[in-house]
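Residues per chain, in single letters:
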Amino acid sequence: MPWTRQITTIYVDRQVEGFAQTAQVIESLPHALVEKVDGPSAIHSKIRHEADSAGAGKKILYLCQNKGRFLRPCPGTSHYSCCGYTIAHIGTYCPMDCAYCVLQAYFHPPILSFFVNHDELFTQLDEFFCQKPKDMRRVGTGEFTDSLVWDSVSDLSARLVERFASQNHAVLELKTKTAFVDRILGLSHNRKTIVAFSVNTPKVIKEQERSTASLAARLAAAKKCQENGYPLAFHFDPLVIYPGCEAEYVKVVEQIFDAVSPKNTVWISLGAFRCMPDLLAIIRQRFPASKLPYGELIPGLDGKMRYFKPLRIALFEVLIKAIKDIAPGVTAYFCMEDEPAWKKCFGFSPSQKGGIAAMLDEAAQRVCGIEGNGNR
Amino acid sequence: MDCKRITSPIERLDEADTTFAVTIGQEQEALDRSLALVGLVHPPFVRQKADNSFQVVSGFARVARCREQGWSQISVNLLPESADMAACACIAVADNSGQRPLNPMEQARAVALLERFCAPENLEAFLPLVFGSPAPLPFAKKIAALVKLPQSLHLPIALGRISLPVAQRLCQMPQNEAQALGGLLAGLPLSVSKHKEIVDNIEQIAAREEKSLLAVFDEPDFAAILLEDNSDANVKASLVRQWLKIRRYPNLEKAMQEFDSHLAGLGLPPSISWQPPPFLEGSTHRLVLRFENRAEIENLRDILGQILSHPALGRLLDE
Ligand code: SF4
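Residue numbers (my numbering), protein chains in the order written: chain A, 1 to 376; chain B, 377 to 695.
Source of the hints: derived by calculation from the structure; they are not laboratory data.
Where is the CB? At the ideal position from N, CA and C, for every residue including glycine.
Keep in mind that a hint or two might mislead.
[Claimed, not checked] Quick list of simulated restraints, FRET-style, between CB atoms:
no. : chain 1 : residue 1 : chain 2 : residue 2 : range
1   : A       : Pro262    : B       : Leu684    : 42 to 52 Å
2   : A       : Pro277    : B       : Glu595    : 24 to 34 Å
3   : B       : Glu387    : A       : Ala281    : 51 to 61 Å
4   : B       : Ala671    : A       : Gly76     : 41 to 51 Å
5   : A       : Lys67     : B       : Leu615    : 50 to 60 Å
[Unchecked claim] Lysine to aspartate or glutamate pairs mimicking DMTMM-like chemistry, simulated, CA-CA at most 20 Å apart:
no. : chain 1 : residue 1 : chain 2 : residue 2
6   : A       : Lys344    : B       : Glu657
7   : B       : Lys612    : B       : Glu634
8   : B       : Lys621    : B       : Asp636
9   : A       : Lys304    : B       : Asp636
Use the sequences and the hints to build the structure in full.
Put into structure tokens, the structure is as follows:
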């Protein structure tokens with residue numbers, strides 16, 4: 001069932017009643033009731049009282065404004081190296097339902113929300129492209145939601161792709177677990193948009209990622225994007241450790257590069273499952289069959305639960321070897337690991353290459369043709 | 377409510393009828409002492425049943441002690457016929473909680489009693505009788521669920537050998553699993569957090585391997601620890617915890633053991649202690665040096681020099 005069918009009610013914040021995007025979303029969801037609200041508090045109290053509030057928050061849609069900055073630096077996490085990403089905050093939460101999704105515990109309660117003040121977003125983007133901040137070269141919409149899932153109700157991705165196409169300072173990364181790329185095919189993108197697919201083994205997708213596209217569908221979509229000239233990226237995140245996972249992850253690497261070219265792949269990230277301790281209780285409650293909470297998880301330096309380090313390293317090593325064997329030129333990096341882990345698995349620490357941000361900026365220059373960073 | 381103080385043959389009090397019983401796990405010595413010295417100061421409350429026997433509403437322990445001490449007559453407060461079951465339930469609870477704070481199992485029994493006989497809309501208003509102050513209904517209902525646990529666990533809960541948070545976890549389990557796990561915990565003199573750790577580990581092993589808790593209990597090595605007639609409960613507790621930790625976190629525990637054995641290989645004196653990063657996650661180790669004078673510092677310097685050339689150092693630092 002497409003996610004749009006599960007939306008029972010669209011709550012329209014009175015402040016966005018007359019916005020063009022509001023009308024566009026409402027038109028795309030003709031079956032949903034439309035209710036006007038003064039702010040989110042009524043919705044919050046309604047959802048908070050649901051037994052499964054994280055699930056209930058996916059069945060409604062709140063259209064509102066982003067009153068803060070659309071573009072903001074990714075907060076990263078303490079003690080582990082992060083990649084200096086810039087988040088374009090287009091909405092929160094997601095209609096798909098992954099057991100490990102941090103968004104279930106991030107918002108209290110989580111409510112599927114889409115910001116429709118796109119004029120403001122594009123004004124801020126114009127300023128950004130004018131200022132060309134050197135430490136903001138990679139911008140992504142997939143941090144607090146899935147980037148492409150909104151394409152069934154909005155033309156935002158298409159507009160962003162076209163806006164990024166007209167500059168050379170930064171790349172836009174659209175990160176998704178859908179295969180819904182039709183709305184961005186055929187656009188003039190100037191290779192300034194990277195279509196990024198979160199990938200996992202078919203077992204993890206089946207058991208932990210409800211309502212997402214299958215691996216085969218994601219790779220078919222990636223292939224279509226490549227045929228359309230888009231640069232690609234892949235995120236192995238979260239890597240889940242289970243008996244036999246190593247071979248299955250290697251197979252995913254093989255499948256990726258059977259489908260697309262390493263030369264067209266900007267980066268591949270690797271991140272082992274990690275989460276705030278509170279999320280484990282939510283997973284147990286909402287995904288009783290999930291084995292995620294029963295891995296060998298220990299509290300990390302940042303307070304998040306993560307696999308015992310030698311277990312993560314062992315899986316990373318297998319995966320990195322597979323990537324190096326098949327796609328040696330592709331920039332691979334860790335999402336939230338420390339320098340010793342880098343040295344052990346990659347043979348160097350990010351600081352030797354100017355930091356993860358510099359490595360990724362370089363990859364974006366090479367594959368997407370953004371301007372160099374000078375003496376960064 | 378007007379009660380009539382009468383003296384009744386003790387056998388007229390129906391021993392088998394425990395409908396209103398709240399007390400469990402209370403000290404009997406003080407009661408025995410007071411019965412011996414001054415007799416029955418506070419006669420139990422009873423109500424007359426259709427068969428003319430007396431149903432005890434409050435004072436079960438007193439009746440039982442008097443019976444055991446061979447009393448043939450007992451003074452009782454006979455409740456009027458107008459006292460319905462709800463009123464009797466309130467008297468039972470108030471009489472008990474008026475004498476002492478109720479333990480968790482008594483609170484559970486008290487709430488269950490009120491729940492059984494009082495109109496649902498009145499229940500919350502009566503909760504101060506149980507808890508000494510107003511309490512939210514959902515909280516009270518969670519406490520009342522303890523009465524559904526196997527009988528064998530009621531006394532350990534009343535005596536605090538199983539804490540309330542752990543008892544509430546047991547309530548979520550099938551009866552046979554609660555009985556096995558509760559029985560184990562009741563015999564292990566550990567803190568609440570360590571009891572919780574045992575529950576977590578057993579539950580998580582079972583969930584990870586899609587087996588029942590009982591199947592974990594039946595694993596030969598674990599069963600052997602449980603069956604061992606160990607007179608020292610602390611030793612047993614530590615064996616149980618260790619086995620479960622190894623079973624739940626095999627790689628972590630193996631690495632910690634290896635670390636400890638490399639560390640032992642260094643032969644550090646008591647004046648030096650080495651703390652690895654918690655869970656071996658970070659890379660910062662900590663050495664604590666203890667000394668009292670310059671000579672001891674010099675000695676420590678020499679020992680540190682020896683450590684630097686020791687082959688175990690590289691393994692400890694994961695080099
Ligand atoms: S697709 Fe991403 S955002 Fe959506 S539920 Fe899964 S993890 Fe969360």
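Hints and how they fare:
Distance hint check for A/Pro262 and B/Leu684: the Cβ-Cβ separation is about 45 Å, which falls inside the suggested range of 42 to 52 Å. The supplied range of 24 to 34 Å is met by A/Pro277 and B/Glu595, whose beta-carbon atoms lie about 28 Å from each other. Our hint of 51 to 61 Å for B/Glu387 and A/Ala281 holds, since their Cβ atoms are close to 54 Å apart. B/Ala671 and A/Gly76 have their C-beta atoms about 49 Å apart, which keeps the hinted 41 to 51 Å range intact.
At roughly 59 Å, the beta carbons of A/Lys67 and B/Leu615 sit within the given window of 50 to 60 Å. Of the supplied pair hints, the one linking A/Lys344 and B/Glu657 holds, its CA atoms being roughly 14 Å apart against a limit of 20 Å. Using a Cα cut-off of 20 Å, the hinted pair B/Lys612 and B/Glu634 is violated, with the two alpha carbons roughly 24 Å apart. Among the hinted pairs, B/Lys621 with B/Asp636 is consistent with the structure: their alpha-carbon atoms are about 16 Å apart, no more than 20 Å.
For the suggested pair A/Lys304 and B/Asp636, the alpha carbons sit about 25 Å apart, so the restraint of at most 20 Å is broken.
Hint check: violations occur at hints 7 and 9; the rest are consistent with the structure.
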